[in-house]
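From the two separate chains plus the hints, produce the assembled complex.
Protein chains in written order, with the numbering used here: chain H, 1 to 147; chain L, 1 to 120.
Please keep in mind that the hints were generated in silico from the structure rather than gathered at the bench. Some clues are possibly wrong.
[Claimed, not checked] Computed footprint of chain L on chain H; a stretch qualifies when at least three of its residues, placed anywhere within it, have a C-beta under 8 angstroms from a C-beta of chain L:
1) 97-104
2) 117-131
3) 134-141
Nothing here was measured: the structure is a model prediction, and the numbers come from that model. We put the CB at the ideal spot given by N, CA and C, even for glycine.
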Amino acid sequence: MAKKTAEDLATTPLTIAERHHTACQKKLDKVWAEIDAMFDKTGDNLRKGFKMQDLDKKLAEHARVVNELMSAAVTLQRYQRGDIPAPTEPSVPEEDVRAVLIASLDDKTDELQFTVNNGLLASAIAKAIRMDVTEANLTPPLCEDHR
Amino acid sequence: MPKTATDLKSVDKLTDEAVEMFEAVAEVKAELANAVLEAQDAKTKALILIVASSLRSRLSDGIKVKVGRSHIDAMARGKAIESTVLWMATELVKDLALVGLQVGNFQFPSDVCAICGGDV
Chain H
1 MAKKTAEDLA TTPLTIAERH HTACQKKLDK VWAEIDAMFD KTGDNLRKGF
51 KMQDLDKKLA EHARVVNELM SAAVTLQRYQ RGDIPAPTEP SVPEEDVRAV
101 LIASLDDKTD ELQFTVNNGL LASAIAKAIR MDVTEANLTP PLCEDHR
Chain L
1 MPKTATDLKS VDKLTDEAVE MFEAVAEVKA ELANAVLEAQ DAKTKALILI
51 VASSLRSRLS DGIKVKVGRS HIDAMARGKA IESTVLWMAT ELVKDLALVG
101 LQVGNFQFPS DVCAICGGDV
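Chain L with its partners taken away, still in its complex shape (with noise of 0.2 angstroms):
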């Protein structure tokens, strides 16, 4: 069947709610992040933000997100990005540490499950 000008004005309603959906992640992630940066002395901190400074350094502006099958590239708003890159700095480091590989003098935030980031 072809497309009619409706279904292109639902594709960008759904890729709005595709970045809504990434922004409210986000926040999540960046909540996630200080856990983490909160259990760090200086010197690891500073590591972790070399290592969300590399990653930043080679995004583009834009994301990418999934609509139906296919994937839209869309700007997000605010920090999102950065709250996502900082989240993910975070994250590579502590899988370091599940690894037994040790950032700096990273520790585990005590309250917080290292796999999936509930409650202990």
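Looking at chain H on its own, in the form it has when it is part of the complex (with noise of 0.2 angstroms):
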């Protein structure tokens, strides 16, 4: 397999959305070829063994396809053209995260022999997941110990 490159690890939403119409496109490609080779070689012709059932399987497939397809072209021209503001700031500071899983880790790191402090092992993994952070008020469910 070829080496990934930091372009195919970029997870932006522009390049999401690159990738998602892509794949589409493959996608509805690999459909159509599969149409058409139930056609003979002069393309008029249905094959021996066909089935009018098979067919209308690939054309709604095909239809759905398309479908998708237009869809991500639609969102991938908005992220292009700036619609979609895609974010480039975390909407909660790295520090406020890295305050936390210091914390966090205080307690957890019993036998485990890191090559780092904890500090920096907070920096690494709060760097890792700044962009998916968000401030929510989940309610966590508790024993009735920790009631």
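Put into structure tokens, the structure is as follows:
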């Protein structure tokens, strides 16, 4: 398998939309090739052993994939035009995430031997997830002892 | 009193017992981690695995177990370290959620206490 480039690994909304669009395009090409294969070499006559239900199924799939591709194309275009602003800043400061992580790491590293201290470990984790952390008020389920 | 060969052997035995205990606890931690993972969508699972991967890449191969007052280097067998790391990742994300910071679309498993992992 080809080694992934930094570009392949990038996960901005724009790159995700681009990849989704490309994947939809490939899916459509595949369905179209399958429909094409149902015809003989002249392209006019259906192959021997052909079943109408198979063609119906493929045409329905084709319609679904076309819709998906259209939707992906619209989303991609909106990102490219800047109609949907891609988040460039984390919604929660990385430092806040890091502080919670340091406190949380303190009582969990007992037997494990990390090559860096908890501060650096927390920084690395905070950096990795910072764009996906948001403020939310979740209600944790608690047992009787912790209520 | 000077230490004898018998004393040294008993330290080895105690170390083995401590490693076995670490491995047994790791199995329970794996179950707790799976309960948290099962409650998440694909995106959040991926984020938890990113946290686990960040931890794993900064981890040395061995473990340090407590024997008496000392901490002794040892090796854990099987998936004990992987399970512990995965559990740690779920706990970190859970602790963030407890203070109002949601990673991805993190949700607490509904049937498990968010603090001790016991039944609700």
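Which numbered conditions among the earlier hints are violated in the structure presented, ordered from lowest to highest?
none
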